[in-house]
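First to last, the protein sequences are chains F and L. If you read the first sequence in my numbering, its first letter stands for residue 1, the second for the next number, and so on. If you read the second sequence in my numbering, its first letter stands for residue 257, the second for the next number, and so on.
Bear in mind the hints are in silico, worked out from the structure with no lab data behind them. There may be inaccurate statements among the hints.
Unchecked claim - Derived lysine-lysine pairs resembling DSS-like cross-links, with alpha carbons at most 30 angstroms apart:
(1) L:K412 x F:K70
(2) F:K70 x L:K424
(3) L:K412 x F:K89
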Amino acid sequence: MLEVKHVSKSFSKDGQPQLVLSDLNLEVGAREFVCLLGPSGCGKSTLLRIMAGLDIAESGGVYLDDKLVKEPQPKCAFVFQDYALFPWKTVLENVVYGMDVQDMYDKKTRVEKAKEYLKLMHLEKYENSYIHELSGGMRQRTAIARSLALEPEILFMDEPFGALDNFTRMELQELLLDIYSKNKLSVVFVTHDISEAIYLGDRVVVMNAHPGTVHSILDINKGLVRDRTSEDFHLYEDKIMQAFQLVRKQEVEYYI
Amino acid sequence: MIYKFNFTKSAKTQQVVDVTAIFLGILVVWEVLTVQLEVLDAFLFPSPQQVLELFIGDLPTIFRGLGSSLVLLSAAYALALATAIPLGLFVGWRRRLFNAVHPISKIMSAVPPIVYIPYAIAILPTFQLASVLVIFVGAFWPIFVSTLNATVQIDKTLIDSARMLRIKERRLLFEIILPAIMPQVLTGCSVGLIFSFILLASAEMIGATSGIGWYVKYYSDFGDYGKVIVGILFIGLVVTAVMAVFDRIQRHLLRWQAKYSAD
Numbered sequence: 001m002l003e004v005k006h007v008s009k010s011f012s013k014d015g016q017p018q019l020v021l022s023d024l025n026l027e028v029g030a031r032e033f034v035c036l037l038g039p040s041g042c043g044k045s046t047l048l049r050i051m052a053g054l055d056i057a058e059s060g061g062v063y064l065d066d067k068l069v070k071e072p073q074p075k076c077a078f079v080f081q082d083y084a085l086f087p088w089k090t091v092l093e094n095v096v097y098g099m100d101v102q103d104m105y106d107k108k109t110r111v112e113k114a115k116e117y118l119k120l121m122h123l124e125k126y127e128n129s130y131i132h133e134l135s136g137g138m139r140q141r142t143a144i145a146r147s148l149a150l151e152p153e154i155l156f157m158d159e160p161f162g163a164l165d166n167f168t169r170m171e172l173q174e175l176l177l178d179i180y181s182k183n184k185l186s187v188v189f190v191t192h193d194i195s196e197a198i199y200l201g202d203r204v205v206v207m208n209a210h211p212g213t214v215h216s217i218l219d220i221n222k223g224l225v226r227d228r229t230s231e232d233f234h235l236y237e238d239k240i241m242q243a244f245q246l247v248r249k250q251e252v253e254y255y256i
Numbered sequence: 257m258i259y260k261f262n263f264t265k266s267a268k269t270q271q272v273v274d275v276t277a278i279f280l281g282i283l284v285v286w287e288v289l290t291v292q293l294e295v296l297d298a299f300l301f302p303s304p305q306q307v308l309e310l311f312i313g314d315l316p317t318i319f320r321g322l323g324s325s326l327v328l329l330s331a332a333y334a335l336a337l338a339t340a341i342p343l344g345l346f347v348g349w350r351r352r353l354f355n356a357v358h359p360i361s362k363i364m365s366a367v368p369p370i371v372y373i374p375y376a377i378a379i380l381p382t383f384q385l386a387s388v389l390v391i392f393v394g395a396f397w398p399i400f401v402s403t404l405n406a407t408v409q410i411d412k413t414l415i416d417s418a419r420m421l422r423i424k425e426r427r428l429l430f431e432i433i434l435p436a437i438m439p440q441v442l443t444g445c446s447v448g449l450i451f452s453f454i455l456l457a458s459a460e461m462i463g464a465t466s467g468i469g470w471y472v473k474y475y476s477d478f479g480d481y482g483k484v485i486v487g488i489l490f491i492g493l494v495v496t497a498v499m500a501v502f503d504r505i506q507r508h509l510l511r512w513q514a515k516y517s518a519d
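This is chain F alone, in the form it adopts within the complex (with noise of 0.2 angstroms):
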């Protein structure tokens, strides 16, 4: 289990210091899908990378079974917006690359394990294309291979249907629920779209902005927005939408 415990976290900005996140608290199970949802600025890719271990908070902590985390742990892969891919290796190259790191498997196995994760993804044809040949979408599936490849059991992913079209980002939602059902792995995914929340995620955590809380948690009923223009998953946007519009309303009182 994941714990985030009253986390603040500050940058500075134009010399003064500006905090991004306030005395934060969170919790994922294990196989748990939670999306952060907020506003830009709410400090939700901030937080997620607190919770790899890539920043650290000010104050407060997190910690993955108890144990407090100060840098990325095993068993943790992180999916980028930019994709952060290594263009100098071939789609299989940048698979094979992280488990070389890890000390996984022997060297043919571990080609043999890309070439799985890679098929799964839809990509067993380009294994030797160079980055700069493939699509948005192909690149960020060749990320997620990557990450799957490791065998994580939690993945972080910030934003990373965020720079694609709709038709894609919709396709690649699917292969990551399809994923995500098949593999024992939690997901922590960042996210500004209420309804790819809403679709992806068991729970939503509604952020706040200046500077970045929960305001609300939200369970979703997975059985009942399968399908995206049924009632239930209006329903379920319509109380973010209400939640957000409250975010706004708070701060007007605050103003006054």
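Following the hints, position chain L against chain F.
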């Protein structure tokens, strides 16, 4: 984003034809001015035929000279590669070290290495050592500075991506940062290589007893301008050939980039 340099076949043929035409045009003008019209002084401007004859006659001397020049050049350049790249990576990666070294390297790299030649000859026992040192200095700074700056400016997401793998620092430097900054490093290497040639020729003209730079200086002291032209043309050919090899290597190392992927 995808930008390809490859010519179509007909454009390439056209280019060969055009270059040949310009080359022949220069030869014709040269021939006309020296032999046909005799407007240029024959002592200072030998005819194309004379130059060609001298060139063929002197080939053994020239190639011996080339041999000794290339030994100096490759020793110094290899030394520069082997030190400048790892140092640039290491210093660029350590923030504090970078802040300390950056201003110093700015001053040091601003000194034209040619001014070290007399001093290097004075302090080192042999001329060979002195020229290796000077060529090394000339090649070192452009390679070091380009590696340093590229390391500092590297895309931080690539580093994060590697950090998530819990990668060791050594592997991070040589397997992630180095290939990522390879385009900039190679630009520095090519500048360094050109500097090496300039310094090689300069050093040889000042203190050598063999080599391609020495050849030009030696015969100009005797007023044998035919051989001087031979030497100049030969240096041009050698530098072109070496840069062509460099270009090949660069294309191979950067084959993952869109602009080189056509080969």
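Okay, the hints, checked on the actual structure:
Distance check on the hinted pair: K412 of chain L and K70 of chain F sit about 19 angstroms apart at the alpha-carbon level, within 30 angstroms; holds. Only pairs whose Cα atoms come within 30 angstroms are accepted, and K70 of chain F paired with K424 of chain L is accepted, the gap being roughly 16 angstroms. At most 30 angstroms may separate the alpha-carbon atoms for a hinted pair to count; K412 of chain L and K89 of chain F meet this at roughly 18 angstroms.
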